[in-house]
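Visitor: Using the hints provided, position chains X and H relative to the given structure of chain D.
Residue numbers (my numbering), protein chains in the order written: chain D, 1 to 318; chain X, 319 to 677; chain H, 678 to 1188.
To be clear, the hints were calculated from the coordinates, so they are not data collected in a lab. In this text, all values refer to a predicted model and were calculated from it rather than measured experimentally. A virtual CB, placed ideally from N, CA and C, is assigned to each residue, including glycine. Be aware that one or more of the hints could be misleading.
Restraint-style ranges between C-beta atoms, simulated for each label pair [said to hold, decoys possible]: (1) X:Gly369 to D:Lys120: 31 to 39 angstroms; (2) H:Tyr791 to D:Gly136: 31 to 39 angstroms; (3) D:Phe253 to X:Asp488: 30 to 38 angstroms; (4) X:Gly369 to H:Gln1062: 53 to 61 angstroms; (5) D:Phe279 to X:Gly598: 22 to 30 angstroms.
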Amino acid sequence: MIKFINFLVAAVFAGTPLLFGTLGEIMNEKSGHLNLGVEGMMSMGACAGFMVGYLTDNFLIALAAAFIAGLLGALIYAVLTVTFMADQNVTGLTLTIFGIGISNFIGEYMIVNSHTNSLKLPEVISQQVKNIYISGLSDIPVLGQLFFQYNPFVYIGIITAIILSIYLNKTKTGLNLKAIGENPASADAAGIKVTKYKYFNILLGGGICGIGGAYCSLIINGGVWMSNSVNGLGWIAVALVIFASWSPVRAIFGSFIFGGFNVLKYYFPKDIFTFPNAFYDMLPFVITALILVITSVRKSKKNTRPASCGINYYREER
Amino acid sequence: MMSKTFIRTVKNLERSQFEILRLRIMAFIFALVAGGLFIIMIGYNPVELYGTIISGAFRSKMAIQATIKIMIPLLMSSLGVTLAFKMKFWNIGAEGQIIMGAVFSSYFALFHSNLPHGLLLLIMFVAGFIGGGLWGLIPAIFKTRHNTNETLFTLMLNYIALHVISFLRDGPWKDPGSSGFPKIARFVTNAQLDKVFGIQFGWIIGIILVVIIFIYLRYTKQGYEINVVGESQSTARYAGMNVKKIILRTMILSGGICGLTGVIQSAGSDMTLAASVAGGVGFTAIIVAWLANLNPVGILLVSFLFSILEKGSSVMQSTYGLSTYSAAVLQGIILFFILGCEFFVRYKFVFGNKGGARS
Amino acid sequence: MIERNIENYAIELKGISKKFGSVVANNSIDLDIKYGEILALLGENGSGKTTLMNMLSGIYYPDGGTITVAGKDVTISSPNDAINLGIGMIHQHFKLVEAFNAVDNIVLGTKGKYQKPKVLKEKISEISNKFGLEIDSDKEVYNMSVSEKQTIEIMKVLYRGAKILILDEPTAVLTPQETEKLFRILRKMKEQGSAIIIITHKLNEVMEISDRVAILRKGNLIDTVKTCCTDENKLTELMVGRPVSLKIKRPETDNKKTILKVVDLSVVGEDGREALKNINFKLKRGEILGVAGIAGSGQKELCESIAGLMKIKHGAVLCNKENIIGKTPDEIIDLGISMSFVPEDRLGMGLVSSMGMVENVMLKSYKKNKGFFIDKNPARKLSEQLVKKLEIVTRNVDMPVRMMSGGNVQKVLLGREIESNPNVLITAYPVRGLDINSSYLIYDLLNEQKQKGVAVLFIGEDLDVLLEISDRIMVLCHGEVKGIVDAKNTTKEEIGLMMAGRSMEGADDDE
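Here chain D stands alone, though its shape is the one from the complex (with noise of 0.2 angstroms):
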């Protein structure tokens, strides 16, 4: 039981990162952009958020400078797509390459530059990312193990989702946002800025998915740095959107799901059966390929992906 529940967290733990990136991403398709560059953005967030810990000791700091990082991706991305009008698929693989290239330089060269074989955040900043501690409620049995000992990320992440799904369903910016991802055609003769509100929620999705990228490299390596920190889940959100059919609270049950999936190698008994550890490392992504599958197959008419993603808007196309 006790480990049931220790899994159950550790869920919880893998499965935020996975949550950034697919809120990022369904900000992106809901404006009408697929973009497939979110793990290039989570790098860079995964960059950016690591070297400024390490030399601001401000955790506050870092997740702005995450944020900051993938937001920036994100501009590449929404100049050449929404702008130049560029292939989006094509844009978006290169910004993953571009992304994962460019973090991993700049580690290196941190590295070099720092005359240590290894970069390793200075312990303020450990403390800040450390699980919080709420006297009273975390000491609660199983429940307070299970709500109240997450780090910041954790509880940022489950309330961002909540915003965003406040945004998109009960205000009027998300009814025209909304209407773009489905018609930007229509929501222009509605005199709805598509422009501004394209460049405005696809650079909200990579800032978003920048912190996700902050998470990979601030908690999952225990504060060293280490090249391809995001190592694929980054796709693995892409793939969520349509797990969680484009719901931001539906992605907060996805990714938690997901990150059982990622940690299930530590807590699958292993008096019962053993599998190979790379079957485990395999796992998370034949699960997602099976659910493309199986989305595929269901094809409802509801929760489908936003009409014109993937298609670029010109205004005077005829």
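Guide: Quick look at chains X and H alone, frame taken from chain D:
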């Protein structure tokens, strides 16, 4: 009334081939300038660094051979993905297809290495083609049956393939002779590709493939079908084409060629099955194919250019201690600029004046 | 001099010009409209009507000229500017978000605070009552009929308080009865002081609804006349530039043998609903069977199921007594059944837009050539023949067809089908977007085929044309055949009632 400037986007259809070429060259130069700014920012001299890249790729016979060696897998997998891209099938899975090609052929290289050399290599190539082709066929089957998103599916298959290697390495194919980290045994000489002019003969296969793909796309019925399906599936169906069959067939070819890349990389360069057999080439291939406008001859040029970058960046690492990831950064920047410049091929910006007089 | 009351003018255009590449869409156009007036903008397809109005609604931006709204010089650089100036446009292809319901579509993009759906609905019903609109606020757009969608579009304009309304070909997709209803609403709006511009190429509607008519031809404003001082013949002459007889020929043929027989055909459409329900009809050699129906009544599915492109739920299609259901599209092509469908974007089906004529002409015949390689020479010869025979304007036969004008694209499409010497020719919307000259050329081509003994299934939009060219007319509504009538002995009203769902018994029933 206040005068306010605004920018509009206007179609511009009448660009000559020469103008388009000039635009692309300009974009390339801008990309180098942007890369140079980045180099300045990290405190180096861009001219010196670019110089190092070029001289690093050509400074000696060995360097040139190494550059060509880098180029082989890039060239072949770019040709592979081109077939899929022509059909607007987003095969992002070259990485996985390369790996599976290598895995299938490695089985023979490792466990049937006593077959006659020529026969063994032939079997390895066939096995590699089947391995890669199979890995390309799976997403195609689901795409044609259920319209499953192939971009993400092929991507997931990359990671699955990667873990297939680590499974084999840690378990069934582990080299008992190795101490420390588990790895797969080195291929015996009989299972290695022969060398021509000091480079494994994969380069000959690569050049032959350029010609074959060029002819295939332009002068065969199947190539014509790929083009029509890529433009409009409904038109293809209307014309009586069996769209599903065409997609499946093309994806076997696309994956198969990537599979051959895996054979050549493992048996020709690595001499073993390493987890890094694809090592990102499958992704770079997408950039190469796109930059070359899906033209096989263009791919030959761009992949050569990119190999210079890759080889040069490794020299940059040994000389300046800069990461080899600089190649990926520069490749990204180049494609960003080329993607941006495509806009000016079809459109232009016009500045207007709000509230002011107009001519 | 007469003092001109500036305030009275809703819009004044002076010297408005617009070019697309080298094509002049509008050439220095002067036009005005007053409040409380209905102006008809008359012109052939491609004469620049929509382009001109799109510049008022902020979709396009003029290359030159000035726009004055309610006496003030303005710049309209976006739809937002147009809305702020009180201009609302109802586009031919509705600008609605399919996934949203009526209320969300109506309030979309309006300024002001978020309001509860209940408050919004009250506001909407208040306006509906004032103008006599019927709106189901909670219905999703994808569940709406064309006429309902149009009502939502009008509501959108009214909700924003626009005093200037532009409608682009609003009646093209309506039954005659729905058209009447629309005109009642427009007259009411006119009484309330709105300025209304209606784009159309239908003369009878111009005469019925407008106060003044502005005629455009090839991007130029030819004349503006008071409706009461003109007639249909004069207007046609102004529109086409020469006197034309608007009569379409209907040659008589004999030996009409049934070649295609459709029995109890039912098909499930892409959205999962039954798109065709128990369709029965016969198609004979040497006749043109017209198919009428409002858009989306099953026309596309009918074409595609005969061409073998759709899965059939049940029923049979017999070609010379041989059931073709279950055959692949290329087997059906081999039987001499040829289909040309001109979709709304013209290029989506049947032609590959980035390829030239040669590669498009060989689309259906490339397989005939033996071996692995492709032989483009026969297709090249055929293309060159077609260019001469059909007067296709193209730089050369390798120029991508997307760079051709609409009329030429359709000539390529139909020309290819005819050259394959079909027994059955199915053609859907072949004159979509064409000017009168090109249209008549296409009608002649079809009649020529009919006289050669080809059975022609003609799916059309314009009832007047269907009535003239067809031998018989079949009317579809919601995927059902509402009746097959003799074109010589029927009226537009009768067809209109059937399009709206009234059944007529028998094939030659004249009520």
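Visitor: Now tell me, hint by hint, if it's right for this structure.
Guide: Here is what the structure says about each hint:
For the hinted restraint 31 to 39 angstroms between X:Gly369 and D:Lys120, the CB-CB distance of approximately 36 angstroms keeps it satisfied. The beta-carbon spacing between H:Tyr791 and D:Gly136, approximately 37 angstroms, falls within the hinted interval of 31 to 39 angstroms. Here the CB-CB span from D:Phe253 to X:Asp488 is close to 33 angstroms, well matched to the stated 30 to 38 angstroms. Our hint of 53 to 61 angstroms for X:Gly369 and H:Gln1062 holds, since their Cβ atoms are close to 60 angstroms apart.
As the Cβ distance of D:Phe279 to X:Gly598 is approximately 24 angstroms, the hint placing it in 22 to 30 angstroms holds.
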